[in-house]
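Enquirer: What follows is each chain in one-letter form.
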Amino acid sequence: MTSASMTYRKPAARSVLAAVMLAALPSLAVAQMSHQHASEAACEETVLRCATKVTPAFGPDGTLWLTWMAGGQISVASSKDQGKSFSAPVQVTRERLNLDWGPDARPKLAIDAKGDIAVAFSIFRDQAFNGQVLTARSSDGGRSFDLPKPITSNNQSQRFEAIGFDPAGAVFAVWLDKRNRVPAQQRGEKYDGAGLFFASSKDGGATYSDPQLAADNTCECCRLALAFDGAGHPVVVFRNIFEGGVRDHAIVTFTGLATPGEIHRVSRDDWQIAACPHHGPSLTISAQGTYHVTWYTNGKARKGLFYARSRDGGKTFSDPLPIGRPNRSPSRPQIIAGPLGLAMVWKEFDGQKTSINLMTSHDDGATWSKPIDIADTADSSDHPLLVSDRRRTYLSWMTKADGYHFQAVEGEP
Amino acid sequence: MKCHLPAALVLLATLPSALAAADGAPKPFERGSWQKLLHAHAGHPTLVHFWGVTCGPCKVELPQLGQFMKDHPGIDVVTISADLVPNLPEATRSMLDHAGLASAENWIFGDGFAERLRFEIDPAWQGDIPRTMLIARDGTITTIEGSAEIADLSKWSDAQATAIR
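Residue numbers (this note's numbering), protein chains in the order written: chain Y, 1 to 413; chain G, 1 to 165.
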């Protein structure tokens, strides 16, 4: 495979360069070398090819939209031919920012029925890596974006936002927020994790309501999963911190944009750990109303990737089904209910290359196909994501060595 | 290109680490670094701590580890920043300095293909940090996932001292 040979040649070339430079300018050479090797990006510009994180979404007219982070900026482009070609990128950010590069961070975008676009992303606002969630909207079909602005005036750390339009056209946003840490510490209490905060926007993301708390002391370093149920209510899956420091997953179904419902446990993995797993869940809700969740755990009860479904609005879940080959570090699960059924992808690593594995289900998650490899790469890569239009489901996957993949996954043998 | 590789490797193996040590910067942890590290510390009780600058629990644990190093001079203390970021070395170094770990053997992931680096260390490790590996004189590795209890580290350290007698 060409990418494998490239992977080996490149470091050798850089080593020679580094060695030559070492003779002349030692400290500069060391800085240069570590910079080039350490980067997850193929290049430093703002173009798609240089992106480390790429997020797709389809608009109601079937246009594919991408947002990505590259060269310290957030950009957006669209495709009318399922990813074969893209429009000239539009920059959402106006300057190079210290974007949140955490393993589970990425820019998000959502498109409403009129074709207006809401974008959200996080930056590190200070040297202590405190985060800030910024949002921007386009009300001219993605030709331009308002200047990104903070989703809240609060100055405590915020990260891992998720956004989506509800069927009525309001933007719902949910994120992890450390604002309750300071008052807790002032009371002399220990504060674990972060609060799950939410807000909504009735003007397409120009302004957001005052943030409210859905759950406090949740795990502070994993992405959130957001979907809307059949009634258009937001449903959020997050890694919670249960009694005793157990970082298992929980789910909340809102009864309105401002009203979180009861919190239920997705599974009892019993992962007691004071650490950042950097590994969040995925949620999709099928036409039948079934919640489908995938997640990673390293708990006492089970270890690895798992899938479970709920047919009672998240109150109870099926027994967790293990996903992937345990000896191949299965990671980064994604699930989607598409027009042809459910699809699930995840990464595996064999010591040399990362592969993307796919399973599908045509009976609402009761049975699943045998996993197949659908893509691979021999250098760093983004999480595999799934996105559906009215006809098919597609894999969206950014890789350093082989660029951006966008491929239909349904209809694979 | 290939014929230059051995020469480059020799330089890489010696010069950068020497230079890095001289100015206190963490050394780049690359493919093969783990085996070199194990080899270099073979026969010495070694504590290897994986952490990252954005990890909340790590910020709490790091100064405790600095104190542990001070209190246990017989243990080789190694830190490896397993976060990935452009411009990370400065922040990493600053946090290590504040935690009293400037004189530890400090590394920083120096390859964007973190999956591969982690696989070399422990194929089951998905990247959660902090994580501590205690390597006994005989090479036995005990892995502590999440924040370590300093009392547990001290107990392990004492056992290493007993084993020598």
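Any given hint might turn out to be false.
[What the hints assert, rightly or not] Only part of the chain Y face toward chain G is listed, based on derived beta-carbon distances under 8 Å:
(1) Phe58
(2) Asp61
(3) Pro103
(4) Gln127
(5) Phe228
(6) Pro277
(7) Ser329
(8) His405
(9) Phe406
(10) Gln407
Please keep in mind that the hints were generated in silico from the structure rather than gathered at the bench.
Quick caveat, the model's predicted, so the values are computed rather than measured.
Don't be surprised by glycine CBs; every beta carbon is placed ideally from N, CA and C.
Enquirer: Restraint: His405(Y) near chain G, CB-CB cut 8 Å. Satisfied or not?
Expert: Since chain G brings no Cβ nearer than about 17 Å to His405(Y), farther than 8 Å, the hint is violated.
Enquirer: Checking hints one by one. Is Gln127(Y) an interface residue toward chain G, by the C-beta closer than 8 Å rule?
Expert: holds (7 Å)
Enquirer: Grab the minimum C-beta distance from Asp61(Y) to chain G and call the hint holds if it beats 8 Å, violated otherwise.
Expert: violated (36 Å)
Enquirer: Was the hint right that Ser329(Y) lines chain G, CB cutoff 8 Å?
Expert: This hint holds: Ser329(Y) lies near chain G, its Cβ roughly 6 Å from the closest one there, short of 8 Å.
Enquirer: With 8 Å as the cut and Cβ atoms as the points, is Pro103(Y) at the interface with chain G?
Expert: At 6 Å from the nearest chain G Cβ, Pro103(Y) passes the 8 Å test, so the hint holds.
Enquirer: Should the interface hint for Pro277(Y) be scored as holding, given a Cβ-Cβ cut-off of 8 Å against chain G?
Expert: holds (4 Å)
Enquirer: Identify whether the interface hint at Phe228(Y) stands, where standing means a beta carbon of chain G within less than 8 Å of its own.
Expert: Nearest chain G Cβ about 29 Å off; hint violated.
Enquirer: Classify the hint on Gln407(Y) as holds or violated, based on whether any CB of chain G lies nearer than 8 Å to its CB.
Expert: violated (21 Å)
Enquirer: Should the interface hint for Phe406(Y) be scored as holding, given a Cβ-Cβ cut-off of 8 Å against chain G?
Expert: At about 22 Å, which exceeds the 8 Å cut-off, the nearest Cβ of chain G leaves the hint on Phe406(Y) violated.
Enquirer: Using Cβ atoms only, decide whether Phe58(Y) comes closer than 8 Å to chain G, and label the hint accordingly.
Expert: Where the cut-off is 8 Å and the nearest Cβ of chain G is about 29 Å from Phe58(Y), the hint is violated.
Hint violations for this structure: numbers 1, 2, 5, 8, 9, 10, all remaining hints satisfied.
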